[in-house]
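Enquirer: What follows is the residue order along each chain.
2 protein chains.
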Amino acid sequence: MHKCNEPYHEPSSTPACPSLAVSSDTNRVQLAHGGGGKLMHELIQDELRPLYQNQEHCDRDSAHLPQIPSDGRLVMSTDSFVVDPLFFPGGDIGKLAVCGTCNDLAMSGALPLAMSLSLIISEGFLFRDLRTILHSFKTTLEEAGAELITGDTKVIPLERQDQLYINTSGVGLVSSSCQLNPSQIQPGDAIIINGDLGRHSVCLLGARSATSDVLNLQSDCSLLQDQVQGLLNAGIEIHCLRDLTRGGFFTALIELAEASGLEAQVFERRIPVCEPVETYCELMGYRAGFLANEGRFVCIAPEREVTKILNVLGPEAVHVGNVGSHSTGVVKLEKDFGTQEVLRREYGELLPRIC
Amino acid sequence: MHKCNEPYHEPSSTPACPSLAVSSDTNRVQLAHGGGGKLMHELIQDELRPLYQNQEHCDRDSAHLPQIPSDGRLVMSTDSFVVDPLFFPGGDIGKLAVCGTCNDLAMSGALPLAMSLSLIISEGFLFRDLRTILHSFKTTLEEAGAELITGDTKVIPLERQDQLYINTSGVGLVSSSCQLNPSQIQPGDAIIINGDLGRHSVCLLGARSATSDVLNLQSDCSLLQDQVQGLLNAGIEIHCLRDLTRGGFFTALIELAEASGLEAQVFERRIPVCEPVETYCELMGYRAGFLANEGRFVCIAPEREVTKILNVLGPEAVHVGNVGSHSTGVVKLEKDFGTQEVLRREYGELLPRIC
Chain A
1 MHKCNEPYHE PSSTPACPSL AVSSDTNRVQ LAHGGGGKLM HELIQDELRP LYQNQEHCDR
61 DSAHLPQIPS DGRLVMSTDS FVVDPLFFPG GDIGKLAVCG TCNDLAMSGA LPLAMSLSLI
121 ISEGFLFRDL RTILHSFKTT LEEAGAELIT GDTKVIPLER QDQLYINTSG VGLVSSSCQL
181 NPSQIQPGDA IIINGDLGRH SVCLLGARSA TSDVLNLQSD CSLLQDQVQG LLNAGIEIHC
241 LRDLTRGGFF TALIELAEAS GLEAQVFERR IPVCEPVETY CELMGYRAGF LANEGRFVCI
301 APEREVTKIL NVLGPEAVHV GNVGSHSTGV VKLEKDFGTQ EVLRREYGEL LPRIC
Chain B
1 MHKCNEPYHE PSSTPACPSL AVSSDTNRVQ LAHGGGGKLM HELIQDELRP LYQNQEHCDR
61 DSAHLPQIPS DGRLVMSTDS FVVDPLFFPG GDIGKLAVCG TCNDLAMSGA LPLAMSLSLI
121 ISEGFLFRDL RTILHSFKTT LEEAGAELIT GDTKVIPLER QDQLYINTSG VGLVSSSCQL
181 NPSQIQPGDA IIINGDLGRH SVCLLGARSA TSDVLNLQSD CSLLQDQVQG LLNAGIEIHC
241 LRDLTRGGFF TALIELAEAS GLEAQVFERR IPVCEPVETY CELMGYRAGF LANEGRFVCI
301 APEREVTKIL NVLGPEAVHV GNVGSHSTGV VKLEKDFGTQ EVLRREYGEL LPRIC
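Those sequence lines, one after another, are chains A and B.
Mapping to the working numbering: the first sequence position 333 is 333, numbers consecutive.
Mapping to the working numbering: the second sequence position 13 is 13, numbers consecutive.
In case anyone wonders, no lab produced these hints; they're calculated from the structure.
Model, not experiment: these values are computed from the prediction.
All C-beta atoms, glycine included, are put in the ideal place defined by N, C-alpha and C.
Which bits of chain A does chain B cover? Going by a derived footprint, with three or more residues having C-beta under 8 angstroms, they are:
no.: 1; segment: 30-43
no.: 2; segment: 65-73
no.: 3; segment: 112-122
Extracted from the complex, chain A is given alone in its bound form (with noise of 0.2 angstroms):
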């Protein structure tokens, strides 16, 4: 007999341990699959083995860099990705672990070599998507020309079944000859961008709040090494390059105004905007300036190399400002109505975890 005194609760579908549903559901991973036994085991085997080149690797708690030419340098480079939602219009997750590391090195004028894997996956998690983004973290390592050699897999309880942070660190390889980095800049030098900003933020925000129809816009999310070896093997000088990822463009240059001391001007009416991200900025009071990218870099270098340098990046380049001969360290934004304004960092987050 139902007792009045007892409050009456509804059979619930949901087990009163969510550890337990999800350890009888095979499709999704197990606290057990980080454990070290055998159902780690076959995790690695049966999904992590196939990523690598020299399958030997996967069992290995490290592995050997290839030998390298007598001319080149080796870089490295790490970066963590908790980016929500883990797929979006132009990408995901797996495929932006791999980007996002390789145009680190990329920016040292480096190809990358080897790449680890680190993953952190919430207990929960499916294996349908799983498989997804290791695929994309494949084929774009692959599209990269670099190989996996190292990983690790841990899994944690969380309170979203949906959570999957990647770690990859990247080593590449570089001629000794190759000096890219702020103290090569110099008065009178041309600031280039390679496309128009803001796509990867609007285009993230947009899949967050389901918007993604109505903006039709894909993620820059891209490998920017074929653009920057094209530069270099094209015997272009170059004095820095930048990717622009969290904090944008305007931030990038600030960090390189401060760094090499010099004055940048940049003029706001050629900073390129695609429509979808013009508006959508108008809208929630974004700076396009501001927004991460995950395919975009700045280029800076001396101006008689402007016209090449556009040649090599394609139609979508833009020759935005100029490095100044003053030694204030700060970035001056022309205004269309020929007001200037001297760019800040932004206090706090603008975006959190577009990357």
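With the hints as your guide, set chain B onto chain A.
Expert: Relative to chain A, chain B alone:
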């Protein structure tokens, strides 16, 4: 007037929006610290820059690896650390993050040269704890003789404000002539472990259940490179090394037996387990041989080298078994009363989040 139809809520000291509470608390990490703006710049400059020997590396997305001698090769390893709790007797996640990756390199015979540090920090994380952890990271890295050369920081919203995940990737230098891997294992080889098993796991369990005081146990978390270099520098022939982390000694040995195709025979009574770990295992039904360690490794080497190896590794090292000549690829555990057990991988996780 308080109307009876409406449930009455006590005013709570917790604001409706947790983010607001966090953003007004300067003792805690905010989402904005990961956003690419001014706060992120401050976090990097104030907390992370001091970790770099070459502070210029702190501002770059990638860094050159050191030049290596012509008879050397580079080895790479990666590990993500999600240990819970972050602080435990004998260490914390900062120390663990260095030891874990350096020990993976050490198992190849390598000494660590360069390391990356990638942080995923929960919104609301206490700066005080972050500083303690980064201090441990730095002192352990100095002890290892390695240099932090690149890093990344993300801040994510989580239910718990005390979460921190760390990825370290390491590059180490090994002599070209050093060949340590399962294919080197020979019939007759001795199996030696460098100390008693299970301390790290039981220590973590104790810290979770607040029984640390009763257990009076410290984690074995430590750098293994000095012991390994001691073996190599003494000219001792070593066939294979493996650290005994997730899955413990038994899983490591199962993997080595499978990889070499040979049979391993281990004597249960020789396996060293300290009294608190033994008691804990008896109470909880764990087997120390499957528990994760963070400062233990197995060394497989010709029988004739045993005395020299034990001399180098010290009084805690034990010769626990040998490799047989059968090509079964299994591990046989000789029990105290003359029976024999073929060891199998545990099904799932014994202890999640111990590394």
